[in-house]
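*Asks:* Below are the chains, spelled out letter by letter.
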Amino acid sequence: NAGVMQNPRHLVRRRGQEARLRCSPMKGHSHVYWYRQLPEEGLKFMVYLQKENIIDESGMPKERFSAEFPKEGPSILRIQQVVRGDSAAYFCASSLGTGTNDYFGPGTRLTVT
Amino acid sequence: QKEVEQDPGPLSVPEGAIVSLNCTYSNSAFQYFMWYRQYSRKGPELLMYTYSSGNKEDGRFTAQVDKSSKYISLFIRDSQPSDSATYLCAMRADTGGFKTIFGAGTRLFVKA
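In order, the protein sequences belong to chains U and F.
Residues 1 to 113 (the numbering used here) make up the first sequence, in order.
Residues 1001 to 1112 (the numbering used here) make up the second sequence, in order.
Among the hints, a few may not be true.
[As the list claims (entries may be wrong)] List of simulated lysine-lysine pairs, DSBU-like, C-alpha gap at most 30 angstroms: (1) K44(U) <-> K1002(F); (2) K1067(F) <-> K44(U); (3) K62(U) <-> K1099(F).
[As the list claims (entries may be wrong)] What the simulated footprint calls covered on chain F by chain U, stretch by stretch (three residues with Cβ under 8 angstroms from a Cβ of chain U suffice, anywhere in the stretch; the number is not a length): (4) 1040-1050; (5) 1099-1105.
These are calculated hints, taken from the structure and not from any lab test.
Virtual Cβ for every residue (Gly too), placed ideally from N, Cα, C.
Could you put together the complete structure from these sequences and hints?
*Replies:* Rendered as structure tokens:
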């Protein structure tokens, strides 16, 4: 049973470009969470999605950031017009449901030049 | 004030020592308490998961939750160099979106 998959593992973008980060949850998991981790800091919650629905996006900036979890395919975190401050590691986690264990992917390290 | 406070360390101990890691929190609605281990440039790995107050033991790891003091602990017995990592506490409420709040993480070094 494969774990949570994230790709790409490393992504370099120039300022103003778009970044698309993908997360495939564990088999059978319908809950996906996205987190951002800056160097020497803990994980900061961004958004919680279930299939085709955004449940809680309170941690996601209103501008430039969006997330989706379609009926088929991976969850996508999209950052438009990236700036240097977006450079971070982005992790997704999946779970069977609320109140159950979260399993994290290996992360995508975004570098904005 | 942060919702979850965790000393970032680093904490350096000799092999075989007992390690104590701690977090305090301010939100009395938190009911789920977790400890994650994160190796450098990897994703967090769930170590311990506790609901409400009490103790939980798994091998060399013991998690304690004291809700009256808003204080949680992770103890590692007979520490090994392979335990060297960053340990993140995390917690979540029953309601309010179910988002998990993480501490900043404590870096642990176990010297052989």
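*Asks:* Are the hints correct? Go through all of them and say.
*Replies:* How the hints compare with the structure:
1. Proximity of K44(U) to K1002(F) is assessed by CA-CA distance (about 12 angstroms); at most 30 angstroms being required, the pair is judged to hold.
2. Taking the CA atoms of K1067(F) and K44(U), the gap is about 23 angstroms. The hint holds against a cut of 30 angstroms.
3. Between K62(U) and K1099(F) the CA atoms are separated by roughly 18 angstroms; this keeps the pair inside 30 angstroms, and the hint holds.
4. Counting residues of the region 1040-1050 of chain F whose CB lies closer than 8 angstroms to any CB of chain U gives 7, which reaches the minimum of 3, so the coverage claim holds.
5. Given as covered by chain U, the region 1099-1105 of chain F passes the check, having 7 residues with a CB less than 8 angstroms from a CB of that chain where 3 are the minimum.
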